[in-house]
Every structure is written in structure tokens, then in C-alpha cells.
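Colleague: Given chain L, work out where chain C should sit, using these hints.
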Amino acid sequence: MSKFDASRRRVLKTGAIAGAGVALPTIFTASSAAAFTNEPTGGTVTLGFNVPQTGPYADEGADELRAYELAVEHLNGGGDGGMMNTFSSKALQGNGILGKKVEYVTGDTQTKSDAARASAKSMIEKDGAVMITGGSSSGVAIAVQGLCQEAGVIFMAGLTHSNDTTGKDKKANGFRHFFNGYMSGAALAPVLKNLYGTDRTAYHLTADYTWGWTQEESIAAATEALGWQTVNKVRTPLAATDFSSYIAPVLNSGADVLVLNHYGGNMVNSLTNAVQFGLRDKVVNGKNFEIVVPLYSRLMAKGAGENVKGIHGSTNWHWTLQDEGSKAFVKSFGTKYGFPPSQAAHTCYVQTLLYADAVERAGSFNPCAVAEALEGFEFDGMGNGPTLYRAEDHQCFKDVLVVRGKENPTSEFDLLEVVEVTPRAQVEYAPDHPMFAGGNLGACNPGA
Amino acid sequence: MFGLDKKDTSKLIIVACLALLAPFILNPFPTDSALAQFNAGYPDLMQRFVIFGIFAIGFNILFGLTGYLSFGHAAFLGVGSYSAVWMFKLIGMNVIPAIVLSVIVAGLFALLIGFVSLRRSGIYFSILTLAFAQMSFNLAYSVLTPITNGETGLQLTLEDPRILGVSATADGSIPVTNLFGLEMRSTFEMAVGPWAFQFNAGYYLCALIMLAAFYLSIRIFRSPFGMMLRAVKSNQQRMNYTGLNTRPYTLAAFVISGMYAGLAGGLMASMDPLAGAERMQWTASGEVVLMTILGGAGTLIGPVLGAGFIKYFENIFSKINDNVLHTWFSFLPDGMEDAVVFIIHPFIGKGWHLTLGILFMLVVIFLPGGLVEGGQRIKGWLSRRKAKDGGKAAGETNPAE
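Chains L and C, in that order, give the protein sequences. For the first sequence, my numbering gives the first residue as 370, with consecutive numbering after it. For the second sequence, my numbering gives the first residue as 3, with consecutive numbering after it.
The shape of chain L in the complex, shown without the other chains (with noise of 0.2 Å):
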């Protein structure tokens, strides 16, 4: 340094400053007189949509923010109404949220965990989301969970199907409709042990970040049970689009399954990696080579094409029940958009329409009077069945279906066919079973 003439005056009159500075901060501590974080005053209530437009998973997320429109104009009255005349919970007036219009913001998690919290965080800090949903990655939806349960708003996850999200991670103000690995390997056991039989060895190919850790770990479980063997679980980065050197091994491993924990883009990719491999029509230990993938879309099946003709996998919901709600949504989704939703918009649609419900009912937008409200609460017609929020960990319990990719598709829509409908019961868990152990929901925040 080259000219520090420090004289005792000097010294003191810096640190003055210097101290004045640091107390500063003190005087702006004060909080607003609001009850919680961002209270709605005015006559508009903002919720928040995170969803990823860029990335693996940015087919998802392009279906989750129609869904959400969908469900913003049902909400404030305009459109058919949707679901909202089938769900069971007849709060809803069309009239808004408490009276008060629902306005949105939008905003790009490009599948990251750090560029969704900061978009979440602007939601929350400029535009005043009283409510954050979406996300279409159970690393993303955990990290926004996590930041809205200190920040003081309701979390409504998207499509993740981690088991950590109501598992080890689950928060006070997070609520999940989607099924989890668990429910996944659950429900496909019982199919797949009466298509392939009982002695079979698997292959895992993962996806590596923390859903397709608790899937691998459920499937592989699911599939032990049934006297299967695992022989080989090899994780694959996220931001991967060619499989060409996973699948090679997958060949002289001696497996005769192949699992694909992959979701999204991913799963395209390795899929159409594997069948350009031969994969399907090689014989393995007497038996023939069969693929897997336990967590399945349309747009999945859409963006692999012919290869996912008799392929098997479970879904959260598809767009052929029959069931009234579901027929109510893929009317009013079809009249909007012209072609039918994913299970991504679904889910997202209707816990758009649960959060709203629960305000309703709990006359309140206080986050810790809303969990209040969506905790143990038993509802129907929103397209699976009877279905209940379970309180010990904000996790939705509902019938899972298992589908195959469609051999003789009559449109470009009709891809999956669904194989069987596995009930609530039998994918029902303990709260405090061994893969969702550790977690802790903690008390509710309303921030502020």
C-alpha cells in the first residue's frame, strides 16, 4: 500500500465512520404491522409460478404454466369451470380467492436450485406472492420448499416425485399432490412380477440428484421383494443428453432389465440410446430383454416416438379416465390449448385449485391457517379417486396407475394405455417407514 499515513486522529475518525456504519443497519429493523408475509390488502391476490422453461424438463414446465392460466381463469369465474364443479369441496365460488381476483407472476427455475430460489425469492420480496408452486425437479422443488418455509409462504409442489420432498426434507408449509418412488415401486411390483416373472436381474441407469436416488432405491427395493436381483445402479449427471457410453455395460452385465430412473429429456434420450443399441430384441438368460421406467408422461412417450411401444412405467394421472373430473379438465385444458394435459399440468392444476379451496375454507390467507385447513383433509373428483392430505407429512395418498406405451396409437395423443389402477391402499405407508425417515416438518411459518 502506498500511502497510509495513519495519525491517531486519523485512526479514530475512520473507525467512527467505520462504526457508524456497521450500526446502521440497526435502525431499519423494525417489521411491518402485516400478520404474515405479504398479506393480500388490496383487491387482487398474486400467487407465484415457478416453473422451468429451459432445460430437461422444459416440455413440463411449458404444460405446468398452461395448467396454472387454466386454473387462474377458473378461478376468477371465466372459462367452464373446470374441476371446480366436480371437486368435492364446494368453497370455490368463482368469484376469485376470498373475494379477491388472482393475478399470477411467472418465473424460469431452468431446473436449477439456485436460479429457482432467486426467482422465488423475487416472486416473494417484489411481487408479493402470497403462494409459490410448480417446479418440475425434486432438487428444485426441495430447495423452494426449503425457502418458502422461511420466508413465510405456502409451497404447492409440482411434479416431483423424490421421495425426500415429504420424505427427509419435508417442510411445515409444503404440500405435495404428486405420488412419490415409493408409491412407484408399489404399484409396479405386482405388474411387473406377473409380466417378467420372479427371477430377474436389474440394471439401474439413474438419474443423480435426489429423486432418482429415492426411486432407484424404492424400485430396486419393490423388485428385491419379488426375488429379483440388482446387479448394477450407475448414476448419470443431470445435464446429460447422450447415453450411448452408459448403455454399452448394460449389454455384458448379464442383466436382462434395464431400469431407467431417468425423467424428461432424459429419459427420451437414454431411452432411444437403448432401443438404437438393440437392447430390445436381445435375449438374456433365456429371456427376453425388457425395459423399465417407473416414472412415466405423455410428453415422455411423445418425445421418444415408436420406442416406448410396450414399455412400462407408473403415472400420476392420465388424460383417458373416465372419471368426471378428469373428463371436466381435459374438456375446459383441450378447449384452451387443443390438445389434452399431461400429469404435469394436472397435478399443478389442481393444487392450484386445493390452495385456493383451503384459503376458503380456512377464511384466511395466514399460511399457518391454510396448512391448517389442507391438513388431513379428505377430497374427490379431482381425477384420482378419493384422496387424502395426510397430516404428519403434507403428502397426498391416491390410486397410482401403471400404463404402457400404446402399440397401435390412434392419435398423437394417445400414446399410454393405463395397464391397472393400483389402489390407495396398497401404496399407503407408514409416515415414519425407513425411506422417509430422518425429516422433520417443524412448525409453520407465517413469516413477517
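Don't take each hint at face value.
For the chain L half of the interface with chain C, some residues (derived, Cβ under 10 Å), not all of them [what the hints assert, rightly or not]:
| hint | residue |
| --- | --- |
| 1 | Q479 |
| 2 | S733 |
| 3 | F766 |
| 4 | P803 |
| 5 | M804 |
So the derived list for chain L, only partly shown, Cβ under 7 Å to chain C, looks like this [said to hold, decoys possible]:
| hint | residue |
| --- | --- |
| 6 | Q422 |
| 7 | V603 |
| 8 | N814 |
Derived from the structure by calculation, the hints contain no laboratory data. Quick caveat: nothing in here was measured; it's all calculated off a predicted structure. Where a beta carbon is used, it is the ideal one built from N, C-alpha and C, also for glycine.
Modeller: Here is chain C on its own, set in the frame of chain L:
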């Protein structure tokens, strides 16, 4: 003041005013107006402005002074974040130990990488740093999952020990980061007519640290050490031929800028206790290069401006959606409205990268010295005009700094 000459003092004062008055400056539009979309004065974004400002100031000490272009600086930011979050998990929620540890760990990490990478210069140095950073990213992303929690990111839980604090608060939630009890997230809202200004404790902590970092960088720029670094940039071979070993100087510059990055990472974690592996990805390293070049490499104030510019686009433009556009242009006839929205659509929302890319190209082509050069040109133009009015010749132009 503080051992600075008049020009540098005025620069420091300008930055101080900008930083301390940011809640006003960044919220120029009333909350209910249509232009409120462009307000950036909310705590999270303001924190990002100054934190990335620190990151870019540090990067500029290496790149601006020695000319060594590191493509792996995000690794130090990430390492700083992870160390800070681990301090929150193990020690307690005070931000001081977290920030101190993040600076130290990032410094050691930089020493290691710098020692190896600085054996080469030019493009080879850039490639080496890039390789190291990608290696760190992959380690954090999958191999070191027990330490980093992989893609999900390292987060606080209710089960963390926090030996100097509490694992959970009385009402059963995770304690929040604080500075001796002053919560980082506490915000004071001031309503002035239709405007709402937010003063956030965490932001002011970051801003003060940024000012200290800025001051330190001025002192480094003006010191004999800084002169030596500039000499390295202009002709390293000649220095070597005169018998001078430049390696210790470049290594020192590398470590200092790594510590700046670690400080930024520690602050990020202090404002929002989460560390994700994508903070270390090469795109994040590239971002700080862009910030520095966009603002003006080798200038004092440029990197801070560049950081603000890029973060503004990332956070504000990415949030404009078609719905918002339709409200803006609703005064146009229906067909025209749709046409205008259709034309603007690719540049907003997820297309913010495109807008930023175009601006970056324009700046690099027409203002090679970055935003700072733009400012100087405007200043020069104004003073020439004034001089013409006064009928006197313009004063000598200041060389780009």
C-alpha cells in the same frame, strides 16, 4: 481520504452513494404503475448486485491487472459457499465465522490451483483453470455427494448440531442467519406516497463489505504491487529477462482474486443458506468474465457496473411474460397488439439470454472499453460541448483507465 488521491476518493464516494442509496435508485417507479416491472430494488436482487460486484472486482484484480484470463473462478465462489453453509450447519448461524472460513478455504484452494495453472500463460492458463473448475464442479455434483449433497444442493436441516447456536428455534423452525442477532433477512419497508422502498439488513452488510473490497482493490491498483502486475500484463518476457521472477506476483494476484470470489460465495450463502453445485459450473465462470468485459476490464468501477447489468437482465427481463406484454400494449388495436407481442416475445422471458447477447455484442463492437468507455465518451462529448459554448478548447482527454 483514506490514503487515496482526489480522483480515487471521488470514485469511492460515488460507489458508496450508489450502494447505500440503492433501495431508492433501483425503485424509480411507483409500485402500482405498469413500469414497476422494471424496479430492481428488492432485497434479493440488491444483494446479488453487490455480491457479484465483489466477485467481479476480485476477478478484475487478476484479469484487469495481469491479463491472465481465468475461466474457473466460479470454483472459488462455490467452495466459499459450501464452507459457509458447513459453518452454519456445524458452528452456528452467525455470518462472521462463515464468511471468514469461506475466504480462507477459497484462498487455499486458489493457492493450489494457481500454483499448478500459473506455470502456463495465455490460452493454456485459461484451459487449465477451466479444467480445474469443471473438475471441482463434477466432484461437487456427484463424487463428493456426502459433503455437497450433489445436485439438490447443501441445505440446513433441523438435525444440524450448530454447537454455538441452536439446532431449532423455540417454534420448531431452522434458525436464520444473523450478525450478532441482527437477522440478515430483516427488512424495513418505507412507504413514500406510491413508492415502497425496502431496506434490508443483509443487503447493507453486503454493501459495506463490497465498499471495503472496492477500497482494497483501489489500494492494490495504486500500489507498487499493482504496478508490478501491470508490468506482467504489458510484457512478462522482458520482466523475466531482467532477472525478475514474476510468478510470486501472479500467484499472489490469483490468490487474492480467489479470496474475493470466496468472500462473494460466503456472502451468498449468508444471505440464503444454500449451496448448489451449479454455482461452480463453467457457465458461472463465463458470467464473471462477461461482467468484467461488459463493464470494462482493468477499470476500477467497470466490473461493478457489469455485474449489475447482467444480474438485472437475468432477474428482470426473464420475468416479463406474454401476459405482461399484453397489458403494456393493450392500447393498440387487437391485431397490432398481437403482432407487437409476437415480435418482442423472443427477447423476453426465457429469451433474456438473447437480449443480453445482442447488447454484449454491441458493447464489445462499439465500446471495446466496456460501459466505462461509454460513460467517458458521454462525458467527453458533454465537456466538448461546454467548451465550445465557452469558446475555449477542450481540456486534455483522460486516458481510459
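Colleague: It remains to establish, for every hint, whether it holds in the given structure.
Modeller: So, going through the hints one by one against the coordinates:
Of the supplied interface hints, the one on Q479 of chain L holds, with its beta-carbon coming within about 9 Å of a beta-carbon of chain C, less than 10 Å. With a least beta-carbon distance of about 19 Å to chain C, the hint placing S733 of chain L at the interface is violated under the 10 Å criterion. Violation of the interface hint for F766 of chain L is found here, the shortest Cβ-Cβ separation to chain C being roughly 24 Å, above the 10 Å cut-off. Here the hint on P803 of chain L is broken, as its CB sits about 16 Å from the closest CB of chain C, past 10 Å.
At about 16 Å, the closest approach between the beta carbon of M804 of chain L and any beta carbon in chain C exceeds 10 Å, and the interface hint on this residue is violated. About 4 Å separates the beta-carbon of Q422 of chain L from the nearest beta-carbon of chain C, less than 7 Å, and the hint is met. Interface hint status for V603 of chain L: violated, as the beta-carbon distance to the closest one in chain C is roughly 11 Å, over 7 Å. Proximity of N814 of chain L to chain C holds as hinted, the smallest CB-CB distance being about 5 Å (cut-off 7 Å).
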